[in-house]
Amino acid sequence: MIKTILIATDFSLESLDVLKKVLKNKTEQNDENQYNILFVSGYDMGDSIRDLLFTTKSTIFGKIRSQEFCDAYSIINNKYPNLINKITCDIFTGSFQRTFNSYIETAGIDEAYFSSVKSKNLSKGQFDVTPYLKKCKNINAIEVLTQTPEFVPEKGRLAEVFL
Amino acid sequence: MLKGNPTNQTKTMLLLMLVFTVVILLFSGLVYFSIVNFSHQRFYELLKIRATTIVQIEKSKEHLDIPENHILNSLNNEELPMEKDYVFEVPKDSNYSQISNQIHIPDTFFKSIVKKGESNYNDKEFYYIGQSFTSNNKTYIAIASAQNHYVVYYLGYLKRTLITCMVLALFFSMIFSFYLSKTLFRPILKITGKVKEISSENLHLRLEPQPDNKELNELIDTFNDMLNRIETSFETQNHLIGNVSHELRTPLTSIMGEADVALSIRRSEEHYQETLQIILNEAEKLDKKIKALLMIAQTGFDGKIQKMDKVRMDQLLWDVIETATRINSKNNVFMDISMLPENPKKLKVQGNEQLLHLAMANIINNGCKYSNFQQVKVSLGATDDHVYVIIKDSGIGIPDSEMDKIYDPFFRASNTKNYEGYGIGLPLARNIIRIHNGELIVNSKENVGTTVQIRFPIYVPTE
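Chains as they are written, first to last, in our numbering: chain B, 429 to 591; chain V, 2 to 464.
Just so you know, not all the hints are guaranteed correct.
Short derived list, chain B residues pointing at chain V, Cβ under 8 angstroms [said to hold, decoys possible]:
no.: 1; residue: K454
no.: 2; residue: E456
no.: 3; residue: I503
no.: 4; residue: N506
no.: 5; residue: P581
no.: 6; residue: E582
no.: 7; residue: R585
no.: 8; residue: A587
Because the hints were derived from the structure by calculation, they are not lab data.
Glycine residues also receive a C-beta, built at the ideal position from the N, C-alpha and C atoms.
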């Protein structure tokens with residue numbers, strides 16, 4: 429059976445920690461389901477009509493998501509091929525709780541996770557969806573304990589995911 | 002007129018002019034012929050109305066009695082310029098030569114009128130349209146003809162106007178293309194002049210960016226980048242020669258010193274033996290250094306690629322770690338397999354095992370050595386098209402200011418005084434990784450640690 433997991437992220441390598449922990453847990457529980465992983469970050473499209481017309485999802489990802497992030501989740505994907513069906517990234521562009529609720533509904537989310545650490549490296553226009561996730565009544569979002577990593581030399585490099 | 006390198010400039014100018022000329026010719030031709038065509042059609046329409054009127058008039062007559070070979074003409078007053086109208090009966094023997102002679106129209110025209118019921122014809126001045134009709138069982142032909150004043154007078158004027166315009170346009174296009182080609186090429190000529198000034202003595206010179214010229218600025222940036230790289234490699238080479246000669250001289254000096262001291266007075270046999278032992282040790286060091294140098298030279302970019310095989314990265318790393326622990330039991334290397342992909346195919350790399358072993362061993366041993374035998378973590382992971390090896394130590398690190406020199410052979414960072422080494426390992430490892438189309442990234446912070454991230458393209462079996 430394929431289930432969908434939503435993970436609130438800011439597309440930084442640290443936020444992949446949540447996914448690692450969740451998948452580790454699932455492996456320990458001998459979970460036999462397959463999961464679609466959906467990384468979601470908030471993004472404020474702004475009011476400019478030109479931006480609204482001509483901005484596509486890929487241009488936004490180009491701004492807020494690094495190649496390292498994609499490589500890193502690809503590494504995790506290769507580590508747990510039995511658990512993961514596919515990994516996708518998405519942005520939530522609304523600003524109301526109701527919009528978020530219906531987003532959760534349309535995406536068919538079965539489980540949702542967010543990091544206990546508040547994200548520090550949000551790009552311009554990006555916002556955290558964790559508050560929406562906490563307030564959303566349709567789904568029971570689970571907080572994953574992650575520690576703020578102390579300074580590491582490989583900041584921003586793919587190597588971070590191996591910590 | 003054109004100084005410097007005129008060929009391309011002239012070429013551009015001529016090309017531009019050619020394009021202009023072709024476009025202008027095309028347009029003028031189109032305008033001219035469409036107007037000619039239009040006036041012909043229009044005039045024929047007018048003539049046709051006339052011919053129909055004549056036919057109507059003649060038909061309405063009770064007794065249309067025209068003798069054979071007689072031409073009834075000037076039926077109406079001139080409605081069209083120089084209008085002439087003719088009506089005659091079709092000869093019984095279809096011999097139009099007499100009529101044809103009278104009104105100077107070829108008899109093929111008459112034949113085609115009889116055949117089709119209506120036909121038109123024009124010579125230089127006159128336009129003719131003819132219709133056949135029957136009245137009292139006799140076939141008649143009515144022809145209306147007139148001079149097309151428009152074609153005769155106005156088209157000539159149009160032709161003159163168009164030619165004048167063409168000449169003027171060509172003249173302006175010449176001036177325009179000349180200036181355009183000049184302004185296009187001026188900055189390039191400027192750059193050429195500037196580049197000519199730069200030689201090995203003044204490599205620090207850079208090209209200045211041109212205001213408001215994006216494409217050219219890109220060229221200039223590329224050029225400046227290239228100059229930067231050339232300058233760095235020049236510097237590296239200069240450093241290399243200095244470093245190498247220094248490194249090679251150190252053992253040589255001690256060999257010479259020892260020999261000199263031993264030879265100065267007669268010594269005991271033990272003393273000679275001791276001296277010879279020192280000389281041997283120093284010579285061995287020298288040999289090691291020269292071997293390492295040779296290795297760097299061989300693994301450098303010379304296109305000579307050693308035998309390439311499939312190598313499984315995890316096996317290779319286990320091997321390297323085992324060797325490292327065997328050589329020095331204090332080496333503490335931890336293999337982190339938390340990110341190891343389940344599919345072993347994703348760990349295969351196309352490469353030479355010995356060389357890769359050498360590179361990995363060098364980096365792992367460096368990690369052990371410069372972290373005073375604290376734990377070194379080796380992690381392995383794979384995306385769909387790359388294998389990643391991360392080697393992380395918490396050692397002395399590399400000072401920020403020296404990061405750009407770490408790949409210079411024989412360069413040793415300022416905080417490595419207490420550690421033995423030649424400064425060969427990292428450049429050698431990088432050369433090897435480059436041979437394998439890989440990438441080596443070193444991130445370090447002084448007194449915190451160093452993380453080396455190595456990436457290899459995954460082995461793709463060729464069908």
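Identify every previously stated hint that the structure contradicts and give their numbers, smallest first.
1, 2
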